[in-house]
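Student: Converting from the sequence shown to the numbering used here requires adding 629 to each position, the first position being numbered 1.
In silico BS3-like links for lysine-lysine, alpha-carbon gap of 27 Å or less:
| no. | residue 1 | residue 2 |
| --- | --- | --- |
| 1 | 881 | 714 |
| 2 | 714 | 760 |
| 3 | 862 | 678 |
| 4 | 735 | 853 |
With beta-carbon atoms standing in for the labels, derived distance ranges:
| no. | residue 1 | residue 2 | range |
| --- | --- | --- | --- |
| 5 | 793 | 698 | 40 to 48 Å |
| 6 | 799 | 873 | 39 to 47 Å |
| 7 | 775 | 714 | 38 to 46 Å |
Derived by calculation from the structure, the hints in this document are not laboratory data.
Even glycine gets a Cβ: it sits at the ideal position worked out from N, Cα and C.
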Amino acid sequence: MSKALYLLCFCLIVLNSCKSTEGVGVAKVKKLSSEKVITNHYKQSFDFKTLNSRIRVNYTDGKQSFSPIATLRLEKDKTIWISVKMLGITLAKALITPEKVSYYEKINNTFFDGDFRMLSEWLGTELDFEKVQQMLLGQALFDLKQDKYKVAINEQNYVLKPKEELELFERLFLIQPETFKIASQQLTQTEEQRNLSIDYKGYQKIGNQDFPKQIHIKATQETKETNIVIDYKSVDYNAKVSFPFKIPSGYKQVTIK
630 MSKALYLLCF CLIVLNSCKS TEGVGVAKVK KLSSEKVITN HYKQSFDFKT LNSRIRVNYT
690 DGKQSFSPIA TLRLEKDKTI WISVKMLGIT LAKALITPEK VSYYEKINNT FFDGDFRMLS
750 EWLGTELDFE KVQQMLLGQA LFDLKQDKYK VAINEQNYVL KPKEELELFE RLFLIQPETF
810 KIASQQLTQT EEQRNLSIDY KGYQKIGNQD FPKQIHIKAT QETKETNIVI DYKSVDYNAK
870 VSFPFKIPSG YKQVTIK
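Please model the entire structure based on the sequences and the hints provided.
Tutor: Structure, rendered in structure tokens:
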């Protein structure tokens, strides 16, 4: 068989392959009511008592950037604990409970021990323990069952938007049709020129449950921008965990003006 005939056969195979996939796209998303989407979202909540994970955190705010490996532990609805180490030396720890936020860092010998105002200022939206926990688990920051939502389908996701927006900010939630986990959630405060977007770049199976693989957080306020990427390296749940935390003596307290 001549080279020309070989080439012709090859082209015919390629063309036939293209024809066979013609019209085959991404699976059509099933139309559901907003109530059904919300119900399915909460059915897929990650079920756990404790969580122990290794994460890499990439942080940048235009002035500084760092990318440490950290240990993240949770006790459901009670405690969030983060420890950052380098070469076996603890550089910083944070302890978050429903009542308060505490942390200390050894580079500048400072600590904070107070309410959620610092975290809220940091990300540009009102935060509490439940919102932080939900964000880390791939769940909606707000209780979607408390308000009425309208639903649309866009870019292969369900889009939930409140029928009546609050005066202070706008909310938008994108939910994956396969897992009913959050694909993205966005909060906008127009008057304050604040925007918070949280995008989930894929999920992984932990046991038989879906858990975030990577979380991209972008907070903007006027011209200031903060970007945080949380990359889950390993995740274990329902194991015995501890939350050692003690602010060293002699550290300077950080205050909120």
